[in-house]
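S.K.: With the hints in hand, could you dock these two chains into one complex?
The primary structure of each chain is shown beneath.
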Amino acid sequence: MTPGVSNILATLWAVMRKELRDISRDRRTLALVLLMGPVLYPALMLGMGALSESRTRTQLDKVLQVPVVGAQHAPNLIAFLETHGIEAIDPPGDLDAAIARQDIDVALEIDADFGEDWQAGRPAAVQVVHDSTRRNAEIPVARLRAALGGYREQVGMLRLMARGIHPAVTRPLSVGTRDLATEDAKRGVLLSFILPYLLILTSFIGGAYLILDATAGERERQSLEPLLATPAARGAIVSGKIAAACTLGLLSLLLTLLAFKLSAQLAPGLGRMLDVSFLAMGKMLLILLPMLFIGTALLTWLAASAKSMKEAQSHMTWLMLLPMVPTFVLMVNPIKTQLWQFAVPFLAQNQLLLKVIRAEPIAAEIWAVYLAAGFGLAALLWFAAVRRYHQEKLAIAG
Amino acid sequence: MIIARNLHKAFKTRTGTVKAVDGVDFEAPDGQITGLLGPNGAGKTTTLRMLYTLMKPDAGQVLVDGIDAARDPAAVRRALGVLPDARGVYKRLTARENIAYFGELHGMSRAAIALRTQALSEALDMDGILERQTEGFSQGQRTKTAIARALVHDPRNVILDEPTNGLDVMTTRAMRGFLYQLRDEGRCVIFSSHIMQEVAALCDRIVIIAQGQVVAAGSADELRARFGESNLEDAFVKAIGSEEGLHA
Numbered sequence: 001m002t003p004g005v006s007n008i009l010a011t012l013w014a015v016m017r018k019e020l021r022d023i024s025r026d027r028r029t030l031a032l033v034l035l036m037g038p039v040l041y042p043a044l045m046l047g048m049g050a051l052s053e054s055r056t057r058t059q060l061d062k063v064l065q066v067p068v069v070g071a072q073h074a075p076n077l078i079a080f081l082e083t084h085g086i087e088a089i090d091p092p093g094d095l096d097a098a099i100a101r102q103d104i105d106v107a108l109e110i111d112a113d114f115g116e117d118w119q120a121g122r123p124a125a126v127q128v129v130h131d132s133t134r135r136n137a138e139i140p141v142a143r144l145r146a147a148l149g150g151y152r153e154q155v156g157m158l159r160l161m162a163r164g165i166h167p168a169v170t171r172p173l174s175v176g177t178r179d180l181a182t183e184d185a186k187r188g189v190l191l192s193f194i195l196p197y198l199l200i201l202t203s204f205i206g207g208a209y210l211i212l213d214a215t216a217g218e219r220e221r222q223s224l225e226p227l228l229a230t231p232a233a234r235g236a237i238v239s240g241k242i243a244a245a246c247t248l249g250l251l252s253l254l255l256t257l258l259a260f261k262l263s264a265q266l267a268p269g270l271g272r273m274l275d276v277s278f279l280a281m282g283k284m285l286l287i288l289l290p291m292l293f294i295g296t297a298l299l300t301w302l303a304a305s306a307k308s309m310k311e312a313q314s315h316m317t318w319l320m321l322l323p324m325v326p327t328f329v330l331m332v333n334p335i336k337t338q339l340w341q342f343a344v345p346f347l348a349q350n351q352l353l354l355k356v357i358r359a360e361p362i363a364a365e366i367w368a369v370y371l372a373a374g375f376g377l378a379a380l381l382w383f384a385a386v387r388r389y390h391q392e393k394l395a396i397a398g
Numbered sequence: 001m002i003i004a005r006n007l008h009k010a011f012k013t014r015t016g017t018v019k020a021v022d023g024v025d026f027e028a029p030d031g032q033i034t035g036l037l038g039p040n041g042a043g044k045t046t047t048l049r050m051l052y053t054l055m056k057p058d059a060g061q062v063l064v065d066g067i068d069a070a071r072d073p074a075a076v077r078r079a080l081g082v083l084p085d086a087r088g089v090y091k092r093l094t095a096r097e098n099i100a101y102f103g104e105l106h107g108m109s110r111a112a113i114a115l116r117t118q119a120l121s122e123a124l125d126m127d128g129i130l131e132r133q134t135e136g137f138s139q140g141q142r143t144k145t146a147i148a149r150a151l152v153h154d155p156r157n158v159i160l161d162e163p164t165n166g167l168d169v170m171t172t173r174a175m176r177g178f179l180y181q182l183r184d185e186g187r188c189v190i191f192s193s194h195i196m197q198e199v200a201a202l203c204d205r206i207v208i209i210a211q212g213q214v215v216a217a218g219s220a221d222e223l224r225a226r227f228g229e230s231n232l233e234d235a236f237v238k239a240i241g242s243e244e245g246l247h248a
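Protein sequences, first through last, are from chains A and B. Residue numbering for the first sequence follows the numbering used here, starting at 1 and increasing by one per position. Residue numbering for the second sequence follows the numbering used here, starting at 1 and increasing by one per position.
For the record, the hints were derived by calculation from the structure and aren't laboratory data. Note that the Cβ used here is the ideal one computed from N, Cα and C, for glycine as well. Treat the hints with caution; some may be incorrect.
Stated by the list, open to error - Below, in silico cross-link-like pairs of lysine-lysine (DSSO-like), each with a Cα-Cα straight-line distance of 27 Å or less: (1) A:Lys283 x A:Lys336; (2) A:Lys307 x B:Lys238; (3) A:Lys310 x B:Lys19; (4) B:Lys19 x B:Lys56.
To be verified - If you want the footprint, here are the derived chain B segments under chain A, 3+ residues with CB under 8 Å: (5) 23-34; (6) 83-89; (7) 117-125.
Unchecked claim - Computed from the model, here is a short list of chain A residues facing chain B with C-beta under 7 Å: (8) Lys18; (9) Arg25; (10) Arg28; (11) Ala31; (12) Asp61; (13) Ser223; (14) Glu225; (15) Ala229; (16) Thr230; (17) Ala232; (18) Gly235; (19) Ala384; (20) His390; (21) Glu392; (22) Ala395.
Chain B on its own, in the form it takes in the complex (with noise of 0.2 Å):
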């Protein structure tokens, strides 16, 4: 269970102060996948990097399973699976090698990585390229790699910032499969995305953040109810009051 209590996120820039983060609240419950939702520059980014501890928040809180992340973010990581906008893995190790390096940052004993590798290669379908060189990966691979490298410690928690960025429709429709599962599971899923379609399609609740707010949250029904359009789409360019990011 994830809770943000009116976050807010200044950054300086040589033009002024930015307002990247400007008061977004929701929670995020477990065995359901939240979706962020907003336009390129909304702010969704920044919200994720406050969940996992990697920015303070000027102000507002951040709890994970009811531990406040200000005071104690080793904690609040070690309950967290975090897939950031940046996935590099490492080109030179094999995908094996990458995903058990991040184990053995999470203090797990050789044989839980190796356990663990197999459980996550079986659902992500990874056999055949766990123990090649992660050069010369796809994009799907590498995501792949990426996400059970951020899963080898079985979190409660999953953060994941548009973990569809670039995969074609086959491996889209893979991980959508893997998210349910994640979810089937009793995890708290996060999940960030500037496609409206993919989050109407998978999550079971949306917060639709624009200009640094959230502007509407709750179901697709919800929102379709709430802005008395039966289609969502018309129903997110209503709640964010522009077209932008509809064609991203």
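With the rest of the complex left out, here is chain A (with noise of 0.2 Å):
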């Protein structure tokens, strides 16, 4: 005789509401699980933001200090830099020592022949002294450059006029850029990065806590044997446990992406940088869906064969892992958006969310290859998950 529909579905749904009342009498626990996305994520992306916005602002509104060595020789050029808000100054003793203390962040050196070469209408020679791996001298030298640039340009053209030649002739090409990035896809580089994987990781690990307590810390508590002495299916346990362990992940979900709302509105600044109106809500949520199951069916797995409670915990260091793969992949080695990329787990919802993020649209064939892929690999999963519950030495406690 096999159980019934109604049998299997009231058993999953026992089975579900015990583990979540189990669950949510652990107040400490519940609380770390429920509220640490929605209050550390838009508080470390907010801050971030905050800081690059200000550190880029101060850095090109205010006056930049630039020791020149040698400016004497260019008194002209010094004044122009003056107009374009670069003051020079007097040079430390040892330059190259202050750059590497990071004193200064560029300083300028101005030949000793520079006003002979200016005279004789030859190249006169400057040169911009900076550290390149240092990113927060990234502005100073390009400001510096800039009216370096500007300065050349000028006098070049002067002087051409001064001979009667159109300034024209010299620029056979003249090269354009037309930047078809959209505004809102300029925004999100910032976030292009740590967004996806902070939302992946949540969807991947919210069931986490739940899941491994419920299946490896039942059978470690002992009363996993008790419980499949039951008439009640094992399928429909598993079930039950994975179903609490989701509805808790979803729920972490939610809350995330509503802090982020929230956050939005409060600050303006991460607004302007992410998507959060209720359809990329909607759509940033379907995404993560199927990440949701595949991870809690997988911790279901790993966790049934688990000796120990500990044993199952110390697979989250690398599962923690896992979500952050493709962000170093594309980091390294950037490719182009392809179909088959949206069968693969996480590559596929860094992808997707990107899209959401940079508002761009996502094809219909898109959302059907990755909704297959994805909840078709979470039900693989799951179907193994409970074939390990058949196992016989399973229930068999230490």
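M.R.: As structure tokens, this is what we get:
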């Protein structure tokens, strides 16, 4: 006699309710599981956004003091720089050491022969001195270069005109660029690395605590054997546990997304970088749903063969690194978007989340490939986990 | 009524195959308490696990109320109330919730669960602890909760693996009374123990198991007569061929 469908559903429902009630009594764990994502991630991103924005603004607006070696050789250049917000100051004794100590971001060296070359119409040498590995120096260096370039252009044109030549002669090619990155995409650059990882991680291991506690923990506390001695179908028991973990994970994910929405309203900076419409949130949720099932089913499967809770928990270390793999791969080897990528777990979520963040449309066939592959893998892992629960040695604790 | 026919079970370990159960044969009739007596490691728990379908025998047959355990394990589990060797209760649930959870897994209605919980609570003297979370329960309170949970569906057959392990004298006495009550209700009760005095005091029939085999079976009087010893303890030692387990 096989148990009826209603029986299986009743068991699944009973197990799910019990697991959720069980964890709801463990207030501290529950708070940590539910609130860590929603509180920590927006705080992290708001903080990062505020930091980078204030850095950019102050570095662009305030007067840049640049130590100049040999300023006396080029008073006109110094005066030109002054009008562009760059003030020449006396260089320290050892310029290279000062840059190495990060006392100075950028300095200018004017050749001793500058005046002579200038008068003779020869290229007069100046050198921009900086450390290219220091990100903090990027903006000052760019400002100085732009100002020097401006001076070169201006004087060059004047010299040509003085000789009766149209300046356009020296410009056979006019190179312009049309940047097709949308405004939304530009804003998303900062978020594109960190946000997908955080969201994928939240969904991937959102149900981890509950499922480890309900599988490896249940076995360790010696309550699995009595449970399996009841007539309840094992598939229904496992599914109930997975369902409970997914419910909790989903709740944590929803709270995280809502927290992003809320903080976008509080801090307009984040809102500019991230599409926080309800439609975008819904898409993100749909993208992350298969991940939640995949992570929970995978953990169930792993925990079922773990001898102890400790062993099961030790899997978390490498599982937390998994969602980072596509981020690293994309950083080292950026690849073009292709359809097959949406069948690869983690890579697919990463790419799709990026599309949503950049407010790009997602084609129907991409959705089809993604959802089929995502839910297919989840179903496979679920089946493997259920199979493990039919093994004889599973029930026997210790 | 539970019948075990020529049960065999071997485990593969790193050092080779261990025959945990090697031909166990016995019948446990309704309305009697059948005791499985044997030293630690004799194969009692493995035998019981085969009875309640947690393990499949390598050979042999288990019949519970005439149902073959290999053919319909779910029906057998419905007909059994089991207190396994592992008897963890859910710490964050109250005793009542622990019992109700298993009732739900047996497909019982809320009203039926409440009625049975009431009856079991009276029989096991649990009224004071029913609404408490089981975290911090004494060993006796935990065992009572586990037994109530195992019997919530009012099974005809009851299997208890060393139910008095770790209980104090008073709780053990109360447990004995409860087992008599189960027997008098006409149920088939199987009870395992490594403590000879306990089995002798409680059981209508005794099955002595050593090294995975039944070495003797019968009532206490029959066993005494068979081994020519007036003392059951000496009969036990003779039956298992060593003094192993007597001092446990």
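S.K.: Is the shortest C-beta separation between A:His390 and chain B less than 7 Å?
M.R.: violated (11 Å)
S.K.: Against the 27 Å threshold, does the CA-CA distance of A:Lys310 and B:Lys19 hold or violate the hint?
M.R.: violated (31 Å)
S.K.: Should the hint that A:Ala384 touches chain B count as held when the rule is a Cβ pair under 7 Å?
M.R.: For A:Ala384, the interface hint is violated, since the closest Cβ of chain B sits about 21 Å away, which is over 7 Å.
S.K.: Answer holds if the nearest beta-carbon of chain B is closer than 7 Å to that of A:Lys18; otherwise answer violated.
M.R.: holds (5 Å)
S.K.: Can the hint on A:Glu225 be confirmed by a CB-to-CB distance to chain B that is less than 7 Å?
M.R.: holds (4 Å)
S.K.: Holds or violated: is the Cβ of A:Ala232 closer than 7 Å to a Cβ in chain B?
M.R.: Hint on A:Ala232: holds, closest Cβ of chain B at ~4 Å, below 7 Å.
S.K.: Holds or violated: is the Cβ of A:Ser223 closer than 7 Å to a Cβ in chain B?
M.R.: OK, holds: A:Ser223 within 7 Å of chain B, min 4 Å.
S.K.: Against chain B, run the beta carbon of A:Gly235 and see if the smallest gap drops under 7 Å.
M.R.: Since chain B brings no Cβ nearer than about 12 Å to A:Gly235, farther than 7 Å, the hint is violated.
S.K.: Double-check A:Ala395 for me: the hint is only fine if its C-beta lies closer than 7 Å to a C-beta in chain B.
M.R.: With Cβ-Cβ at 5 Å, under 7 Å, it holds.
S.K.: Check whether the Cα positions of A:Lys283 and A:Lys336 lie no farther apart than 27 Å.
M.R.: holds (22 Å)
S.K.: Within the assertion that chain A covers the segment 83-89 of chain B, do at least three residues meet a Cβ-to-Cβ distance smaller than 8 Å?
M.R.: Holds: 7 residues of the segment 83-89 of chain B have a Cβ under 8 Å from chain A.
S.K.: Would the stated hint for A:Glu392 survive a check requiring a Cβ distance to chain B of less than 7 Å?
M.R.: holds (6 Å)
Hint check: violations occur at hints 2, 3, 5, 7, 10, 11, 12, 18, 19, 20; the rest are consistent with the structure.
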